[in-house]
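Student: If you follow the hints, you should be able to join the two separate chains into one complex; please do so.
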Amino acid sequence: MRIILFFSLAIILGTGLLFAHEGEHPMMGEETQVKGSVGICPVMHEPASREFAYTYEGKTYYFCCPMCIEEFKKDPQKYISKIKEIKLEAFQYGFSPDPIVVKKGDIVKLEITSRDVTHGVYIKEYGINVSVKKGETKKIEFLADKVGKFDIICSVYCGSGHSKMKGGLIVEE
Amino acid sequence: MIKTLKDKKNLVIILLVLLFLIKVPQEGIKFFLWVLEGIFLCFIFDFLINKFFFKRDILPNSAIISGFIVSGILDYRQPWFILVTFCFLAILSKHIIKFKDKHIFNPANFALFLAALFKIPLSWNIESNIFLIIIFGLFFAYTYKKFFHILGFLTFFIGLFSVFKVNPLGLISWFFVFIMLIEPKTSGYGNLRGFIFGGIAAIASFLIFKLIPQYDPNVLSLFSVNLLNPVLEKINNFFS
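Residue numbers (this note's numbering), protein chains in the order written: chain Z, 19 to 191; chain E, 230 to 469.
Only chain E is shown next, with the shape it has when bound in the complex (with noise of 0.2 Å):
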């Protein structure tokens, strides 16, 4: 039980199954099915692309998390074929776009990037108890060490929207803020760079905010920043 905690990948999870268990009284069976759709497609995915092209034998965690967070953020009034191929598209952004090795965006984000593109909407369900996302947000920040990356997001993200009077902390998405944007493999590691990669997103959000509002910030701005990681790599090579 204590080596299962110990594993931050496993608290991620715990953390997912108590905002979709939080969801599902208020948005029925439909949804509940949908995300566990969602989960058993991503895990089957990855485990069969790992098997059969990288020959690997894997039990993907984090497949579990990327089905989570695609079928907990798409709507999930939409017909099935729409979950089966967001869920495919996240695990194959995962293995093929790849820069030194390492999967350039974050697979969920990804999915979700593109389902935005396509004007499927985004209703985001799984955000479902802020409180419970800021205390375990915030542990996983700290033992990830990407309380930079939250900096330099709530800095430029409150900063921007207070200057033209916005309210920040109306929109700002604290799932998005404290799950997806510390991703651990896609935001990079340094305090420098973090920061950096907090404020882009925080900037490319307000962007779309003020430039075209009918697409989801979040989504757009984390897959704006994650493009930019290739050359965010040089800049805290340069620095270090």
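For reference, chain Z alone in the conformation it holds in the complex (with noise of 0.2 Å):
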């Protein structure tokens, strides 16, 4: 009995290692982008590609599809102002800008930076799981769809205070 529960044990521990390798949150949802990928088409909110790209007022957008290309063309004002880019920074023992308030159908894009140590910036609600060390900057981009006041939380620890070290995310309808 006990050699069959040690080989379980050895299996989890196997397949948290193969977590651990990975680098990803296990429950991190698609709209979470770390790097490597162009973000959340403006139009019909799926994932970007780069071979959909259209520059406008000297910034480039990525869109899924030519069409959404076209439809942006048409009134880009109106996918401009739905798109919230918020520098957030972590430091001992918070989060700034704290609350982060956006409306429900916003893109959130995120550029994380640390000012001290390494920290995490974790959103439960909407599945992300990011670190960040100090001198870095990690970008995160998600679809702001779920009405409500999130906890955003260090994931990692950070000293004696990481446990008060929380900011909110208000999405509002």
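If you're looking for bench data, these hints aren't it; they were derived computationally from the structure. Ideal placement from N, C-alpha and C gives every residue a C-beta, glycine not left out. Check the hints yourself; a few may be wrong.
One-sided excerpt, in silico: chain E residues whose CB lies under 7 Å from chain Z [said to hold, decoys possible]:
#, residue
1, 350
2, 352
3, 353
4, 354
5, 359
6, 439
7, 442
8, 443
9, 445
10, 457
11, 459
12, 462
Tutor: In structure tokens:
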């Protein structure tokens, strides 16, 4: 019996190591991109592709298909106004700005930095869990499709005030 | 009452209850229920494993401590099955990973190590008041004869972090130092062994902070040093 239990534990440990090697949160949703991605299509809210790019007023936007580019061209401001770019700074022991307030349907682009030590940014309801070292910038993009007030917590131990390190994400109707 | 207080495990439980009660008003009912369930689960798992596999009728105080630590450190926003799984793993590790009939890993830390590998956030909510932790912790270190463990850890932790110009006091977890690191059964006895044990934990913690900072340095470092327990025992035997 003990051998069976031992092997069960070994399998769990092995799976854990595998997840650790993959480097992403196993519960992370598709809406989160850390690097190498071009984000969410502002028209259809689907994952965008590098293939379908359009530059407007010096800024490049990425789309999921050519039709979305045409749709965007008709009224760019309608879509641009729904993109919220926020520089989020983590520090011992808080986040700035706090709270982050957006509207339902906004595409939220977080540019995360750390002021001091390594911190994590974890928003359970949006499946976001990334760590950011001091001097590093991580970009995350997600569609604010759930209304409510959500906790942003630090998921990497950062000192004795770690448990108090909390911020808020408010998604208004 | 005095008899109860003389049992050091009960004192640890009293400290954990105080830390828990301090945190409840800040975190709310979900945290309250999460921790209570963690304690209950660890207690029940340990009781049942002892009763049915080892034919022993024990009311496991140490499982209550494990339950407090697992549920107090794991983020309570997670689904319930996460708590059930990791409480079970904590107790299971105690019964099956053994060396010379003693468990190698601090049970709660073993479960938290697995949780860290699965990238489940560890929010350390139980670390709610460092003054209480230090006052009680010094008493535990004295009564359990674990000052050298702490000394070894602090010497290397403060030394290494200071060399690399990172404020060590800003990163140290006093709950980890005074409650988890000096857990009596898995940290070993003896001044030299204790100092080496603490020192290795601090070095591992520093390396994790530098090389893989996305992982919890406390939990991973204690796991690493627990892994070396059979070797450390030989060092102790060699010098004694």
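Student: Hints first: check each against the structure and report whether it holds.
Tutor: Taking the hints in turn, this is what the structure says about them:
1. 350: holds (4 Å)
2. 352: holds (6 Å)
3. 353: Holds - the Cβ of residue 353/E comes within 7 Å of chain Z, reaching about 5 Å at its closest.
4. 354: holds (5 Å)
5. 359: holds (5 Å)
6. 439: Since the shortest Cβ distance to chain Z is 10 Å, the answer is violated.
7. 442: Holds, about 4 Å.
8. 443: Holds. Min distance 4 Å.
9. 445: With Cβ-Cβ at 5 Å, under 7 Å, it holds.
10. 457: At about 17 Å, which exceeds the 7 Å cut-off, the nearest Cβ of chain Z leaves the hint on residue 457/E violated.
11. 459: Check failed: Cβ of residue 459/E comes no nearer than 16 Å to chain Z, outside 7 Å.
12. 462: With Cβ-Cβ at 20 Å, over 7 Å, it is violated.
The structure does not agree with the numbered hints 6, 10, 11, 12 stated previously, though it agrees with the rest.
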